[in-house]
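Trainee: So the chains spell out like this:
There are 2 protein chains.
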Amino acid sequence: MIKLNFDKKDGLIPAIVQDYKTGDVLMLAYMNADAWNATLSTGNATYYSRSRQKLWVKGETSGYLQRVKEIRIDCDDDTVLLKIEQIGEAACHTGHRSCFHKKVENGSVTVVGKALFDPREVYKT
Amino acid sequence: MIKLNFDKKDGLIPAIVQDYKTGDVLMLAYMNADAWNATLSTGNATYYSRSRQKLWVKGETSGYLQRVKEIRIDCDDDTVLLKIEQIGEAACHTGHRSCFHKKVENGSVTVVGKALFDPREVYKT
Numbered sequence: 000m001i002k003l004n005f006d007k008k009d010g011l012i013p014a015i016v017q018d019y020k021t022g023d024v025l026m027l028a029y030m031n032a033d034a035w036n037a038t039l040s041t042g043n044a045t046y047y048s049r050s051r052q053k054l055w056v057k058g059e060t061s062g063y064l065q066r067v068k069e070i071r072i073d074c075d076d077d078t079v080l081l082k083i084e085q086i087g088e089a090a091c092h093t094g095h096r097s098c099f100h101k102k103v104e105n106g107s108v109t110v111v112g113k114a115l116f117d118p119r120e121v122y123k124t
Numbered sequence: 000m001i002k003l004n005f006d007k008k009d010g011l012i013p014a015i016v017q018d019y020k021t022g023d024v025l026m027l028a029y030m031n032a033d034a035w036n037a038t039l040s041t042g043n044a045t046y047y048s049r050s051r052q053k054l055w056v057k058g059e060t061s062g063y064l065q066r067v068k069e070i071r072i073d074c075d076d077d078t079v080l081l082k083i084e085q086i087g088e089a090a091c092h093t094g095h096r097s098c099f100h101k102k103v104e105n106g107s108v109t110v111v112g113k114a115l116f117d118p119r120e121v122y123k124t
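Read top to bottom, the protein sequences are chains V and U.
Each residue of the first sequence is one higher than the one before, counting from 0 in numbering that gives the first Met the number 0.
Each residue of the second sequence is one higher than the one before, counting from 0 in numbering that gives the first Met the number 0.
Note that the list lumps identical chains together, so a pair holds whenever it fits in one copy or between two copies.
In silico lysine-lysine, PhoX-like type, Cα no more than 20 Å apart, as pairs:
#1 Lys-8 x Lys-53
#2 Lys-102 x Lys-20
#3 Lys-68 x Lys-102
#4 Lys-2 x Lys-102
#5 Lys-113 x Lys-102
#6 Lys-102 x Lys-82
#7 Lys-68 x Lys-101
Simulated from the structure, these hints should not be mistaken for laboratory data.
Next up, chain V with everything else stripped away, as it sits in the complex (with noise of 0.2 Å):
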């Protein structure tokens, strides 16, 4: 089993998620053991949801999987680099394909690209 140092941070660790095609980055979360363990048995990409305070397979309500196709980690053990194949059209709850669609420039911030869907259909809120 590979370890990771989650010491630092309250035992969670960020986990870059980048399209393994274009290599845009598309998120950001975080793992505990539990997730990491389960991204590297199931292959399917899991976190660790700060707000639900529980374990959060990406997609597991949308459908949007993100299959796991390489994991590179850091120096020092405390982050980790998912390349992924991203099931479905986007990785962010807004429906952009990204969740860094916000560009900062001269002072104010634009958004880039337009949403691939409409989140009250897909979460049902």
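On the provided structure of chain V, position chain U as indicated by the hints.
Mentor: What follows is chain U alone, placed relative to chain V:
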């Protein structure tokens, strides 16, 4: 001034650092509000060092500054993505181009690529 949400984790938010040309993810660091404002005002990536507990201009010791080319923030304003030009050869203190040079595969870790500089020479340790 662009406001980020620094409330979730001890006043720190993660900043993903990506090569603006190749799309390679080079490292992850943390920012407090001062680091964020310094990054915006100087154009040099500036972080908060958790180990040294102070503001950290990336490259201040090694000379390997990171010139900011584009800034994105995520959907809930608690993560930054910096697209940067890495001055010098490497972003990682080990001498590797990327901190994410450890690949996880079949239950073991292999180092991808070679160190581009000798850390003992650059950091005089």
